[in-house]
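Here are the chains, one letter per residue:
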Amino acid sequence: MSVWPEERVTTIDSFNTVDMTINVGPQHPATHGVFRMVLTVDGEVVVDCEPYIGYLHRGLEKLTENHDYRQSMGWWDRTDYLAGLCCEGAYCMAVEKMAGLEVPERAEYIRVMMMELSRINSHFMFLGAFGADVGSFGTSFIYAWRERERIYDFFEEVSGDRMFPTYFRPGGLMADLPENYESRVRWLLGSINQGLEDLDGLLTGNEIFVERCKGLSPMSTSRAVNLGITGPILRATGLPWDLRKAEPYSVYDRMKFDIPIGESGDIFDRYFVRLSEIYQSTKIIEQCLEQMPKGLVLNPDLPKTLRIDNAECYIRTEGTKGEYGVYAMARGGVKPYRMKLRSPSFCNLAALKEMVVGNYLADAIIILGSLDIVLGEVDK
Amino acid sequence: MTQPAPASPPEYPGISGLIHKSLPKAAFTVLSTKTDADLQVAAADLLELVQGLFERKELAFDMLANITGIDMGEDKLAVKYNFYSFKHNHRVQVTVTVPWANRHVPSLTSIYGAADWHEREAAEMLGLVFDGHPNPKALLLDEDVRIHPLLKSHPLQTVEILQGIEEGVPGFKF
Amino acid sequence: MSNELTPAAQAALARPYKPDYGSESSRLTPIDLPVTKAVYRMALPGVMQVGADTVIAIGRKSSLWPMTFGLACCAIEMIGTFMSNHDLDRFGIVPWPSPRQSDVMIVSGTVTKKMAPAIKLLYEQMPNPKWVISMGACATNGGPYTEYDRVLQGVDKIIPVDVYVAGCPPRPEALLDGFLALQKKIMEDKRMVG
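Top to bottom, those sequences are chains A, B and C.
By our numbering, the letter at position 83 of the first sequence is numbered 83, and the numbering carries on one by one without gaps.
Heads up: take any position in the second sequence, counting from 1, add 380, and you land on our numbering.
Heads up: take any position in the third sequence, counting from 1, add 554, and you land on our numbering.
All clues stand as given, with none of them false.
So these bits of chain B aren't anywhere near chain A, every CB distance computed over 12 Å: (1) 402; (2) 404; (3) 409; (4) 423; (5) 425; (6) 428; (7) 431; (8) 432; (9) 437; (10) 478; (11) 480; (12) 481; (13) 484; (14) 512; (15) 516; (16) 526.
Listed next, the in silico DSSO-like pairs over lysine-lysine satisfying Cα-Cα at most 30 Å (straight line): (17) A:353 to B:517; (18) C:572 to B:517; (19) A:245 to A:294; (20) B:456 to B:517; (21) A:294 to A:283; (22) A:256 to B:467; (23) A:353 to A:214; (24) A:256 to A:245; (25) B:532 to B:456; (26) B:401 to B:467; (27) B:532 to C:711; (28) C:711 to C:739; (29) A:353 to C:674; (30) C:674 to B:517; (31) A:245 to B:401; (32) A:283 to A:214; (33) A:97 to A:335; (34) B:437 to A:245; (35) B:467 to A:214; (36) A:294 to A:97; (37) B:467 to A:245; (38) B:467 to A:97; (39) A:97 to B:456; (40) C:738 to C:674.
No lab work stands behind these hints: they were computed from the structure.
Glycine included, C-beta positions come from ideal geometry on N, C-alpha and C.
Please put together the full structure from these sequences, using the hints given.
So, in structure tokens, the structure goes:
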């Protein structure tokens with residue numbers, strides 16, 4: 001039984017439009033870098049989406065093949081440039097696994113602490129940028145950057161650089177933490193919790209934000225798994241899968257933390273999972289500070305030049321965007337034979353078409369923002 | 381690539397033994413069992429093996445984590461597939477080696493949606509051809525540039541040195 | 555499926571690897587600058603004690619509007635410079651997302667050969683007078699990625715650059731210094747830019 005009279009239906013039919021193609025990017029404020037997508041819209045509804053990537057393809061893998069194991073660190077830092085230390089950790093783990101190097105216990109704890117700080121850093125960037133995408137233009141950005149600058153200051157104090165510390169080494173760390181690190185980190189955690197509270201109040205407490213994000217572009221777990229989606233987007237669909245728990249690396253098996261999950265995999269769930277992960281990361285950092293042993297931070301038996309004979313491994317770590325995997329292969333000599341980055345943003349972005357088609361044009365930008373892509377990692 | 385079946389089947393440890401038990405007809409050899417199990421198959425047998433890995437309940441490899449193309453030298457290319465099972469939390473690696481002259485590998489896009497971009501990337505980086513891929517376009521490079529940068533024969537760019545060639549202070553002379 | 559190929563296709567597959575760069579060199583030709591006229595020197599004659607070009611140059615340097623577009627890692631430091639900790643607004647520098655209304659282009663990151671035509675187009679879309687800041691090692695000469703052949707060895711191969719900022723990535727203070735250097739340059743070049 002139709003509630004609409006026949007005349008009304010014919011009126012709506014007369015609003016039919018011709019499909020129009022809209023190019024978004026590579027320079028567009030909402031594409032988070034140099035991503036380009038060509039959208040075909042029917043009226044306001046997206047009917048087709050063709051993503052184009054590669055505008056930042058700068059040859060990470062080719063350069064790594066042609067350089068020393070220790071020279072290549074800098075490029076791996078610059079893949080996920082919001083959380084350089086997580087990438088460094090994965091790279092070092094791959095080299096250590098191939099070479100059979102031991103890492104001192106204190107170095108493992110410091111690594112976990114620094115990687116979690118990087119994760120917080122990246123998620124704050126997401127919260128700021130996503131708030132800006134949805135409409136709170138500068139406020140969320142400025143709240144998020146207040147905390148980011150403080151974390152950057154700590155990184156600088158530890159290693160000498162703000163964004164790309166290159167602090168890890170195969171077999172340990174560059175140097176020990178400064179003397180006053182414990183009080184500094186505890187102060188930082190208080191500041192992060194304050195920033196989290198501010199952003200939570202600004203965004204989660206905002207009815208317009210919640211109304212816009214709830215129920216938009218939901219995704220089922222089985223489809224997400226088939227598309228290779230990992231990380232917060234997969235957890236938002238309701239699957240409590242985190243590599244830090246599923247296959248614990250480093251000293252994550254000694255940490256107690258929860259895996260925040262969503263219900264339907266919609267945009268709001270993806271946002272809220274990341275917000276909750278910041279809180280879990282602060283818990284991990286606190287445990288690191290409590291359990292931190294004393295000792296060396298660099299393996300003393302490290303050879304002067306690292307040479308690795310026939311070896312092969314696939315390392316998987318929980319990066320900030322999902323499974324950050326490194327496939328590494330060595331066939332003798334001082335250089336790796338092949339190193340492949342399995343970047344989470346790359347795989348998550350491949351699913352963009354499925355998420356965008358059928359939604360409104362204005363929502364396509366939010367859906368792209370909710371993926372939290374980093375183009376350095378997508379294009380390698 | 382398939383070896384003749386030995387008189388008594390070898391004891392495969394761990395996950396490769398499980399795969400061998402549940403897929404007795406699949407033609408593969410186990411390369412190493414140190415980290416992940418690494419199964420080597422011929423390109424023609426790949427699709428059948430992967431279909432079995434995906435469908436059998438005791439294996440249930442529901443995620444394709446990674447595809448790596450490698451230039452193995454001596455006119456050979458290798459493709460490494462990393463599979464993961466959320467249900468059982470185990471992993472396996474599958475290797476396909478093809479000669480350069482006949483570098484055809486069947487596409488896995490009919491089974492895994494994730495294979496799409498991974499295969500396009502491997503195809504343009506190493507010149508592999510994935511048979512049955514629905515959209516075999518260039519992904520990271522320009523569409524009219526036909527190069528394969530990750531081949532070992534592809535050269536690096538020479539670095540321009542801007543300073544120190546002329547004598548004296550570098551820069552313009554007026 | 556390989557058996558169904560034609561002999562020509564099989565021969566194409568079997569031949570050794572030879573890179574083919576297509577029509578790329580035509581896309582990477584540098585921009586021709588039009589000859590600019592110093593019209594502002596003739597306007598407003600003799601009203602003020604200082605020359606009109608000085609007044610106009612002061613006006614220009616005090617409200618630089620950079621175009622917000624980030625290429626790579628340096629974009630994060632560029633955003634950091636715009637945010638409250640380093641606060642570029644106090645120099646009258648306000649980011650603007652459209653090339654049509656902006657004066658300064660900050661090339662913040664690695665310029666690949668795929669992105670180069672887009673950057674050239676953006677530069678052409680900006681109205682005169684316009685300036686370019688090359689931020690970081692990558693935009694200046696390719697930086698750490700200079701050996702890879704899909705990376706352009708410096709954005710000055712395709713567009714003229716006024717200020718180079720060193721660093722990988724440069725600190726926000728370095729970008730601020732770059733803007734101050736640009737303001738100085740605008741005052742020095744006041745007679746040359748029309």
